[in-house]
Amino acid sequence: MQFWIIQGLNSLSLGGLLFLLSSGFSLIFGLMRLANLTHGAFFMLGTYFGAITLRAYSGLNIWVTALGAGFAVAAIGGLFERLVLTRLKTNPLGQVLVTLGMSFIISDACLVLWGGDSIPVPTPHNLQAPTRVLGFVFPTYRLVLVGCAIGAAIGLYFLMERTRLGAMIRAGVDDRQMARAVGIPVSNLFTIVFCLGAGIAGAGGVLGGPILSAYPGLDADMLPLALIVVILGGIGSLLGAFVGSFIIGFIYTFGSALFPELAYIILFLPMIVVIAFRPQGLFGRVGA
Amino acid sequence: MTPPTPNYALEIIDLNKAFGGLKVTQSISLAIRLGERRLIIGPNGAGKTTLFNQISGDMRPNSGQIKLFGTDVTTFAPYRRAHLGLSRTYQIITLFTGDTLEHNVTLGLLGLLPSRWQMWRPLSSYDVLAGEARQTLDTVGLLHLADHPVSEIAYGEKRRVELAMALAQKPRVLLLDEPLAGLSNTERSTVKSLIASIPRETTVIMIEHDMDTALDLAETVTLLNYGRVIVDGERDVVIADERTREVYLGA
Amino acid sequence: MKWVATALLAALLLLLPFFAGDFYINLASQILIAAIFALSLNLLVGFGGMTSLGHASYLGIAAYISALLTSRYGFGHGPAAIISIAGTIAMAAFFGTIALRATGLGFLMITLALSQVLWGLAYRMSDVTNGDNGIAGLTRPTPFGISLDSAAAFYWFSLIVASLALLMMAIFVSSSFGSSLKGVRDQPRRMAALGFNPWMIRWITFVYAGFWGGISGLLYVYYNKYIHPTSLSTTSSAEALLSVIAGGSSTLGGPVVGATLVLLLKNYASAYIERWNMLLGLVFLFIVLVMPTGIVPGFSKLMARLRRQPR
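Chains as they are written, first to last, in our numbering: chain A, 1 to 288; chain B, 1 to 251; chain C, 1 to 311.
Rather than coming from a laboratory, the hints here were simulated on the basis of the structure.
A couple of the hints might just be wrong.
As the list claims (entries may be wrong) - From the derived model, a few chain C residues whose C-beta atoms are all more than 10 Å from chain B:
(1) Gly104
(2) Ser147
(3) Ala193
(4) Lys225
As the list claims (entries may be wrong) - Keeping only pairs whose Cα atoms sit at most 20 Å apart, straight-line, the calculated DMTMM-like set for lysine to aspartate or glutamate is:
(5) B:Lys170 with B:Glu201
(6) B:Lys170 with B:Glu36
(7) B:Lys67 with B:Glu201
(8) C:Lys301 with B:Glu36
(9) B:Lys158 with C:Asp186
(10) B:Lys192 with B:Glu157
(11) B:Lys158 with B:Glu132
(12) C:Lys2 with C:Asp186
(13) C:Lys301 with B:Asp99
Given the structure is predicted, the values throughout are model-derived calculations rather than measurements.
Quick reminder that beta carbons are idealized off the backbone N, C-alpha and C, glycines included.
If we strip away everything but chain A, and leave its shape as in the complex, we get:
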């Protein structure tokens, strides 16, 4: 019984992490029609950033670190978007390729800067003691992580549905040219959304550190998961990213625990099923 509970919680916390990772990816794809292959690297940058700073300054608050990493990664993303991506507006394939190139650059840079060994990230002190609920013991940090994901989801929902910025973003997702025609500054919006997506990924990377550790190849492990979540949940849909993240979190966790060698196949079965019967994903719109 304890096994199922623990794996269940692990699934939830992985799902939460995946949401932090893929919500940005989904947003960027939805608005900019760009498959941002750098996204895994942005996440990894956050994890390394968290690992290095939290180990160096043990008194640092993980939340502050996450926020800081989020801004730092957002800034890097913004520079990349302004300097490189905007020059390739007419070349969507080129855009994807430079994001791929950028991911290689970032991942190798991490290797050069911080070496090839895996760097574990300490769980924050005040969250190290386990929580007892109904006689079961849960690692507190993982519970908190789920809370973070829900918080981020609520925050993003508010942003998209209740603010002017969100309205502009949604307009841009629905009909880019029309949005431009009514005076919405679409290219500034692109930069904002790219920074937002990158930033969430970076912050998510820090928060994922205690569970995943920072290691070279983290980006290559995370990116396909983000892709599968977005393919499953539907492009441009936050709800889809949310639901998809938890579905994948469960499948991956239980799959890895029960059939470690075949976890990848189990992961891609729901993706195949969804693509076969609903190519636009569970919540995506046809013709996205």
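With chain A held as given, fit chains B and C onto it using these hints.
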């Protein structure tokens, strides 16, 4: 049990299509006889091209039936309808701009031939195809440009190539979506006479805005507005009808 | 003029082992293998308009099947090769069915996801694939009893296969099917209205590209006598895509030129720089920003301009 009606080239039965709350096709029913020259008119947004898209299979209706020579093609993919003799031109130019005119028409011919699956003989070795393509270009008066890339010819000439491609397959039903759009007066009369000379074996259904020119070519007219058929029948009857004037003049 | 150049090139290629040392002959073999791989990808990218980031799957699966059958199950190279290619074709058929439910970026993402899943399997299923250790100690085949262990012998073998590949692809591309493929790339709606079946055309091309990817995979494992999951990785797919884009996807020669450049760069750069991935990324950025149509078209445009200039 309705008996099959092979004397109808195209039958549309109670067709409906909506995008969310917007109804673009509302209970449209049409019956077009073999060899007929039908003109479909209506103001912008009346749903004419949407109707064409459903007939050609580029769009699926929400309900209703489309029958081509008695065969229910409602769920058929566009390429299958082409094999039943349906051909169409588009409002925007959809030619292969980097290729020569001859290559464009050759592709048009290839679409219905089994040799389109052939992977080991170069296309250029098919002399018969090339000959037929050049002949088709000749009938539209463009043989002298056969070896020019499409990107280098004038707009009016491109429209004629579109027509050539559609005619090359000797279709049984031809859908022409605004064939005269954007043409100068001389080009217009050239294309008009081309359409007039299409053999009777081909049923022609045309969408046009330029009523003066198009009406000469039409035998029957269907007036659409807001996705519905308003008036439908012989040309002169439709023109004289009150409702036609209402739609166009708001009187 | 063109004939003289072609004849000279052919002579150079044929006679290379007589005037170059083993190091260069081996380099040339690697270039030939990379060229076949890039050419197979370009059937999809350049001629089919389908950009895939998962093409290394076909190189890798053929290599692994051959490696396993010969080293662990005692198969001869001939039967092993046939089974490898059959397996590769089956996988391409399956992956193609999934990936072609989408086009454009959706297609790209699905091919990437599928190939990463395959890579993950190769890494994790260590009792089958030996995981991160790879499978070593493999042998080269002996067609008609001729040993391919010497650099020169293997080089000529690769040259024959590469020439055959180039020839068959040239025929494919200029055939009626090839023309219909290019048509579907340019105007899919128009092609469907003309009676062509766009999905089937794309799918057949996908499988054919997978077939040649598998062939390059066999050559790859024969050359290296070793196979490791990195050959299935996104980096491997990305190198091929870079070759196609750098050389120019609109011609048959482009990917060959691109593959040559990427391989030479990889070889020489690794002597000075440890981080090949970073360099690869920077080259990607450079090519896309500065020469988006690739070298071969850029070069032929330059030649055309020079010829038109008055003397």
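Hints and how they fare:
no., hint, in the structure
1, Gly104, "18 Å, holds"
2, Ser147, "33 Å, holds"
3, Ala193, "5 Å, violated"
4, Lys225, "34 Å, holds"
5, B:Lys170 with B:Glu201, "9 Å, holds"
6, B:Lys170 with B:Glu36, "16 Å, holds"
7, B:Lys67 with B:Glu201, "18 Å, holds"
8, C:Lys301 with B:Glu36, "51 Å, violated"
9, B:Lys158 with C:Asp186, "16 Å, holds"
10, B:Lys192 with B:Glu157, "13 Å, holds"
11, B:Lys158 with B:Glu132, "19 Å, holds"
12, C:Lys2 with C:Asp186, "30 Å, violated"
13, C:Lys301 with B:Asp99, "18 Å, holds"
Comparing the model with each numbered hint stated earlier shows that hints 3, 8 and 12 do not hold.
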